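S.K.: Below, each chain spelled out in residue letters.
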Amino acid sequence: MATVGRAVGVTPRPGFWGYLWSWLTTVDHKRIGIMYGVTTLAYLLWGGLEALLIRLQLSRPENTFLDPNTYNQVFTMHGLTMIFLVVMGFNSTLFNLVVPLQIGARDVAYPRLNAFSYWMFLFGSVLLNLGWLWGQAPDVGWFGYAPLTGVKADPGLGPDFYVMGLQALGISSVAAGLNFVATIINHRAPGMSLFKMPVFTWMALLTSFLMIFALPVLAIALIEVMFDRLFGTNFFNPDAGANPLLWQHLFWIFGHPEVYILVLPAMGVISEVLPVFSRKPLFGYSFVVLSGVFIAFLSYGVWAHHMFAVGLGPVANTVFGITTMLIGIPTGVKIFNWLATLWRGELRFKTPMLFALAFIAVFTLGGISGVMHATVPSNYQQTDTYFVVAHFHYVVAGIVFAVFAGIYYWWPKYTNRLLDEGLGKLHFWLFFLGFNLTFGPMHLLGLWGMPRRQYTYPAGLGWDFWNAFESASALLMALGTLVFLVNAVKSLRSGVMAGADPWDGRTLEWTIPSPPPAYNFAEIPAVSHRDEFWARKYGPHGERAQARAASRPLSGHNPGDGHGVHIHLPNPSYYPLIVAFGIALGMFGAVMLRPVEVGGLGPLGWALVGFGALITVFGSYGWSFEPAG
Amino acid sequence: MAHVHGAAEHYTSTGIHPSKLLMWLFLGSDCFFFGSLIATYQAYRGQSLVGPHPHEVFNIPYTSISAFVLLMSSLTMALAVNSIRLGNMRATRIWLLLTAMLGSIFVGGQVFEFTTFVHKGLTLEVNLFGTTFFVLTGFHGTHVTVGIIILLSLLMASLLGRLTPRQALTVEVAGLYWHFVDIVWVVIFTVVYLLPY
Amino acid sequence: MLRRSKGFAGLGLTLLGPSLLLAGCVQSVGPMDWVGPVAGDQAEAQRWVTWYLIYLGAAVFVFVEGWLLYNIIKFRRPLGPGRLPPQIHGHPTVEVLWTVIPTLIVAAIAVPSVPAIFSFAQPPDEAGGLRVEVLAHQWWWEFRYPEVGPGKTITVANELVIPVGRTVIATLSSADVIHSFWVPKLAGKVDVIPGRQKNRIWFNAREPGEYYGWCAEFCGTQHAQMRFRVKAVPAAEFEAWVRARLSPPPEPEEGLARRGFELFGARGCGGCHTIEGTPYQGKVGPNLTNIGGRSTVGAGVLENDPEGRGLFRWVKNPQAVKPGNKMPYLGLSDEDVLAIVAYLKTLR
Chain A
0 MATVGRAVGV TPRPGFWGYL WSWLTTVDHK RIGIMYGVTT LAYLLWGGLE
50 ALLIRLQLSR PENTFLDPNT YNQVFTMHGL TMIFLVVMGF NSTLFNLVVP
100 LQIGARDVAY PRLNAFSYWM FLFGSVLLNL GWLWGQAPDV GWFGYAPLTG
150 VKADPGLGPD FYVMGLQALG ISSVAAGLNF VATIINHRAP GMSLFKMPVF
200 TWMALLTSFL MIFALPVLAI ALIEVMFDRL FGTNFFNPDA GANPLLWQHL
250 FWIFGHPEVY ILVLPAMGVI SEVLPVFSRK PLFGYSFVVL SGVFIAFLSY
300 GVWAHHMFAV GLGPVANTVF GITTMLIGIP TGVKIFNWLA TLWRGELRFK
350 TPMLFALAFI AVFTLGGISG VMHATVPSNY QQTDTYFVVA HFHYVVAGIV
400 FAVFAGIYYW WPKYTNRLLD EGLGKLHFWL FFLGFNLTFG PMHLLGLWGM
450 PRRQYTYPAG LGWDFWNAFE SASALLMALG TLVFLVNAVK SLRSGVMAGA
500 DPWDGRTLEW TIPSPPPAYN FAEIPAVSHR DEFWARKYGP HGERAQARAA
550 SRPLSGHNPG DGHGVHIHLP NPSYYPLIVA FGIALGMFGA VMLRPVEVGG
600 LGPLGWALVG FGALITVFGS YGWSFEPAG
Chain B
0 MAHVHGAAEH YTSTGIHPSK LLMWLFLGSD CFFFGSLIAT YQAYRGQSLV
50 GPHPHEVFNI PYTSISAFVL LMSSLTMALA VNSIRLGNMR ATRIWLLLTA
100 MLGSIFVGGQ VFEFTTFVHK GLTLEVNLFG TTFFVLTGFH GTHVTVGIII
150 LLSLLMASLL GRLTPRQALT VEVAGLYWHF VDIVWVVIFT VVYLLPY
Chain C
0 MLRRSKGFAG LGLTLLGPSL LLAGCVQSVG PMDWVGPVAG DQAEAQRWVT
50 WYLIYLGAAV FVFVEGWLLY NIIKFRRPLG PGRLPPQIHG HPTVEVLWTV
100 IPTLIVAAIA VPSVPAIFSF AQPPDEAGGL RVEVLAHQWW WEFRYPEVGP
150 GKTITVANEL VIPVGRTVIA TLSSADVIHS FWVPKLAGKV DVIPGRQKNR
200 IWFNAREPGE YYGWCAEFCG TQHAQMRFRV KAVPAAEFEA WVRARLSPPP
250 EPEEGLARRG FELFGARGCG GCHTIEGTPY QGKVGPNLTN IGGRSTVGAG
300 VLENDPEGRG LFRWVKNPQA VKPGNKMPYL GLSDEDVLAI VAYLKTLR
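Residue numbers (numbering that gives the first Met the number 0), protein chains in the order written: chain A, 0 to 628; chain B, 0 to 196; chain C, 0 to 347.
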């Protein structure tokens with residue numbers, strides 16, 4: 000791992016500050032991926048804490064643990080944290096750690112843009128959470144329906160932090176999306192046609208397209224809210240004749256592709272893990288890839304299924320009901336393809352596999368409740384109850400199973416250590432049990448009429464027992480997560496060495512040493528098959544069922560490759576950090592434009608905005624004119 | 000704007016240069032940005048409870064001229080790209096400067112136009128038309144301004160000897176951005192100004 | 000090996016458990032339960048669709064999870080060194096089949112649901128329906144009957160009285176943010192949008208009863224306690240109720256209630272609340288003309304018990320009951336509160 004050394008006194012070893020500097024200026028996708036990963040894990044704990052606070056408040060009817068204002072902030076931030084910081088953060092982690100390795104590249108197409116994406120993500124996450132310091136975290140629900148986000152209904156700073164935090168995160172995502180599309184389209188190893196790419200990389204490609212084309216719609220919606228709050232515009236002002244539903248349309252045109260942004264990478268992880276731990280290829284690669292493509296396109300045509308109860312009329316409701324049903328079909332196809340992958344395989348129940356199998360189980364139930372939701376007459380009763388809370392936790396929190404599958408699977412590649420299997424299994428069972436016991440009964444509560452987003456509920460309506468049960472069960476998930484943390488620390492300190500290919504993998508990342516050298520591949524591999532590594536080990540149809548010991552890392556040992564070939568790596572740069580900081584500072588300044596009475600700085604905020612803009616411009620010029628190195 | 004290659008290889012799987020691909024993708028993204036703003040405008044078209052209304056403030060001949068100016072700037076931009084490909088740096092600088100000037104005339108014309116609207120009572124806050132109109136055209140104008148800054152930066156780089164025919168692709172990519180901004184204006188001009196109220 | 004089988008049996012049970020619980024719930028679990036017995040035609044149609052889906056969903060669940068479990072159990076044995084399982088890449092026919100069959104299943108769900116979508120939008124008895132206006136506020140409900148009196152509009156709050164069996168057609172509007180009108184036992188929910196879009200909902204009650212209503216779109220601090228009741232009464236009783244509403248309640252002449260009547264003005268209550276036939280015509284808060292006869296206080300939050308304890312708690316400190324709501328803490332002494340409560344109890 001390359002570090003920047005600075006002479007301190009007489010000793011030439013790099014000191015702490017040199018080491019820190021190397022991380023602040025890194026443009027290496029592997030380090031960026033690790034930073035994403037650490038940040039994401041921290042927010043997993045933070046969002047989990049918010050969840051436990053919710054469950055504690057709801058463990059008893061008419062509980063007074065959290066007052067309504069605090070509760071409304073906690074549930075809003077729980078949703079925002081889990082969706083934007085944890086799941087999207089984890090997707091970025093994996094894209095960075097895995098995609099370049101899977102396509103045989105040395106780095107992404109735009110390494111500095113990549114670093115910029117991370118710093119925007121970090122600063123955006125801070126901006127989103129900064130409201131806590133004022134006691135005014137966003138409290139409008141994660142999808143902040145206008146005019147609740149208007150200045151009249153919510154004069155405090157909460158909605159401003161909401162707008163700016165999400166805006167910053169959106170910039171991070173668009174930059175990342177652009178980068179990864181460019182990388183996957185243009186930087187594949189020779190011979191790796193699109194249909195020879197690993198499925199995870201395919202899903203990363205589709206997700207990146209969705210990010211590029213969905214986030215701008217959110218950006219506009221957020222701009223409109225911000226302008227209403229700061230400049231008195233009328234986008235969502237009913238007194239001027241505006242229709243607040245405009246927010247909902249714009250938000251969900253973003254929001255539905257967003258949930259596929261959340262889930263497609265997870266499906267990619269499953270599509271990697273299942274074949275490896277069944278020792279069989281993914282069943283129906285083409286169908287799995289094409290169903291992903293179909294889902295991506297169709298995701299723009301279903302948004303109003305979040306709005307069945309707003310009064311769009313029976314024709315619109317029918318149309319969107321049908322398109323929503325349609326999008327369920329390619330999802331079902333994937334599940335069947337996964338099951339057929341397992342069929343007649345040789346299943347090895349290591350921890351990644353357990354989580355992958357659980358994902359299938361859990362996502363299936365989420366899909367079924369989703370189809371119930373897509374059925375409009377049922378939706379009229381179900382929407383805004385705990386039934387939909389159950390549905391989206393089964394699908395979105397279900398993604399966490401894929402997250403852990405990915406962590407356990409790729410952990411050895413980056414740490415050269417295995418995570419302990421015993422602790423892994425304990426983690427799994429605690430989490431799986433806790434998950435089902437927490438979210439399963441929510442289906443019942445929804446059918447029995449408990450609405451969502453309630454800071455408290457009266458006793459005697461038939462909801463008391465299951466709420467208490469769910470709150471207790473949530474602790475199991477917390478416990479499982481703690482077990483994972485213990486496992487992680489233990490593995491880093493004294494875990495079993497993994498080597499390059501601990502799982503008998505199929506794809507190119509397992510051909511290089513663990514952890515990967517700075518340049519990834521000594522020589523860019525030539526690819527002629529899907530699952531290229533497996534084909535090299537066992538033949539394209541598994542003819543050579545030889546012992547694994549015969550396979551060894553291929554990179555760096557190819558004949559005909561002269562030693563001393565100079566591999567050029569991109570230089571580190573501090574401009575991504577500077578530009579990201581400038582933008583974030585400017586956005587913080589925009590929040591501070593709000594009046595002093597609510598905690599802002601009033602017109603003084605313009606100074607911060609201006610300062611941030613200056614830093615951004617200076618940084619952009621520096622970035623543009625920085626020598627190629 | 001100098002560009003840095005991420006990896007030593009210049010090989011790309013598709014043969015498209017990375018920066019061109021990036022710009023096309025970014026422009027695709029920007030389509031959704033402007034699309035949402037235009038959709039907002041259309042959603043509120045004719046819904047303002049009070050005036051001023053479009054037909055009370057628009058001066059179509061005036062705006063047509065400024066649209067023409069912007070269109071001509073796309074021509075000069077194309078000529079700039081052509082010049083640098085042919086290696087004629089002096090011509091490149093002239094065309095870049097002309098493009099920036101025409102763009103500035105467009106933006107200046109918009110500032111003047113909006114000032115007259117404000118004097119007629121059309122502000123951001125007065126009604127739905129003011130809100131949607133100014134935000135849409137304002138963001139477009141911002142895009143044009145950023146484009147002008149980029150062009151002037153290229154011009155400056157050329158004067159400093161840092162823009163050579165080897166960086167022809169940079170000018171071409173800047174050209175893509177400029178043409179996009181122009182096309183967006185064609186759409187806005189048609190939808191907002193020309194389509195009958 | 001055996002431990003693993005037990006583990007998977009546990010997995011299976013955890014998955015099947017929820018689905019067993021769902022099937023066969025035929026008793027009402029509570030007043031908000033909409034899959035048990037319901038009282039409105041809308042709710043009935045929606046409930047049937049839901050049960051159809053529950054059974055269908057359970058079948059799909061059993062099939063898919065069953066196949067998953069089967070694979071886990073059947074293919075868990077290692078094959079031994081040097082052997083690979085069959086490297087099957089796919090089977091187009093099978094894949095087409097499992098694309099087409101779900102499409103057919105989905106069609107079997109969507110098509111029968113369409114009539115219920117359209118029937119929800121169109122009241123069956125447009126001409127003969129009882130028209131009601133719903134105006135949602137943060138965090139209480141205003142109900143108006145525009146046509147029942149001769150040129151008079153009856154305004155009440157938080158409790159909607161309707162005649163049994165008759166179609167009620169409600170026009171929904173909001174004074175502030177988006178709310179949602181939901182009475183699960185009678186019909187699905189419809190959002191209440193501020194501004195020009197005035198949604199309509201129709202519903203009916205087939206039997207007399209008191210049905211719980213709830214705001215079902217997050218609307219700020221006290222969204223959780225923005226509730227209401229729909230009281231369905233026989234037609235004659237409804238007529239009597241209308242007549243009672245059309246004549247203002249008598250002003251109390253003596254005793255605690257008289258003192259309460261005077262305090263109501265002296266303490267400023269009349270600035271926010273309207274009581275018909277009195278000088279108190281405030282339009283900020285709920286109309287209190289029939290508060291004494293309502294089932295709840297504070298928009299479905301406290302029971303309006305005959306002893307007046309609910310009213311006492313509310314008037315004494317509304318912020319303690321519903322923190323953040325728009326009625327401030329007034330700092331009234333207990334005696335004053337008792338007097339006011341005594342007066343309010345006379346308003347029927």
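No lab work stands behind these hints: they were computed from the structure.
Bear in mind that the values here come from a model prediction, so they are computed numbers and not experimental data.
The beta-carbon is built from N, C-alpha and C at its ideal position, and this holds for glycine as well.
Mixed in with the good hints, there may be bad ones.
As the list claims (entries may be wrong) - Counterexamples of contact, computed for chain C against chain A with all Cβ distances above 10 Å:
| id | residue |
| --- | --- |
| 1 | ALA42 |
| 2 | PHE60 |
| 3 | HIS88 |
| 4 | THR102 |
| 5 | LEU129 |
| 6 | ARG195 |
| 7 | ALA243 |
| 8 | LEU255 |
| 9 | ARG257 |
| 10 | MET326 |
| 11 | GLU334 |
Said to hold, decoys possible - Straight-line Cα separation of at most 27 Å, BS3-like style, residue types lysine-lysine; simulated pairs:
| id | chain 1 | residue 1 | chain 2 | residue 2 |
| --- | --- | --- | --- | --- |
| 12 | A | LYS151 | C | LYS230 |
| 13 | A | LYS151 | C | LYS73 |
| 14 | A | LYS151 | C | LYS325 |
To be verified - Take a look, some chain A residues computed to stay more than 10 Å from chain C by CB distance:
| id | residue |
| --- | --- |
| 15 | GLY17 |
| 16 | THR38 |
| 17 | LEU52 |
| 18 | ARG54 |
| 19 | LEU147 |
| 20 | VAL150 |
| 21 | LYS151 |
| 22 | GLY254 |
| 23 | VAL370 |
| 24 | PRO376 |
| 25 | GLY448 |
| 26 | PRO450 |
| 27 | GLY599 |
| 28 | GLY604 |
| 29 | ALA612 |
S.K.: C/LEU255: least C-beta distance to chain A exceeds 10 Å?
M.R.: holds, 30 Å
S.K.: If we take the beta carbon of C/ALA42, is the closest beta carbon in chain A still more than 10 Å away?
M.R.: C/ALA42 not clear of chain A: closest Cβ-Cβ about 7 Å, inside 10 Å.
S.K.: Would the non-interface assignment of C/GLU334 survive a Cβ cutoff of 10 Å against chain A?
M.R.: holds, 28 Å
S.K.: Would the least Cβ to Cβ distance between A/GLY604 and chain C come out above 10 Å?
M.R.: The claim stands: A/GLY604 keeps its Cβ more than 10 Å from every Cβ of chain C (closest is about 26 Å).
S.K.: Are all beta-carbon distances from A/THR38 to chain C longer than 10 Å?
M.R.: holds, 29 Å
S.K.: Could you check that no beta carbon of chain C comes within 10 Å of the beta carbon of A/PRO376?
M.R.: violated, 4 Å
S.K.: Per the stated criterion, does the least C-beta distance between C/LEU129 and chain A lie above 10 Å, as a non-interface residue requires?
M.R.: Non-interface label on C/LEU129 holds, nearest chain A Cβ at 20 Å vs cutoff 10 Å.
S.K.: Hey, is C/ALA243 genuinely clear of chain A, shortest beta carbon separation above 10 Å?
M.R.: Given that every Cβ of chain A is farther than 10 Å from that of C/ALA243, nearest at about 29 Å, it holds.
S.K.: Using Cβ atoms and 10 Å as the threshold, tell me whether A/ARG54 really stays out of contact range of chain C.
M.R.: Its Cβ never comes within 10 Å of chain C, the nearest being 16 Å, so this holds.
S.K.: Minimum Cβ separation between C/THR102 and chain A greater than 10 Å?
M.R.: Non-interface label on C/THR102 violated, nearest chain A Cβ at 6 Å vs cutoff 10 Å.
S.K.: Does A/LYS151 clear chain C by more than 10 Å, comparing its Cβ with all Cβ atoms of that chain?
M.R.: Non-interface label on A/LYS151 violated, nearest chain C Cβ at 8 Å vs cutoff 10 Å.
S.K.: Regarding the assertion that A/LEU52 does not contact chain C, is the least Cβ-Cβ distance greater than 10 Å?
M.R.: holds, 16 Å
In the structure shown, a violation is registered for the earlier hints numbered 1, 2, 3, 4, 6, 12, 13, 19, 21, 23, 24, 25 and 26, in ascending order.
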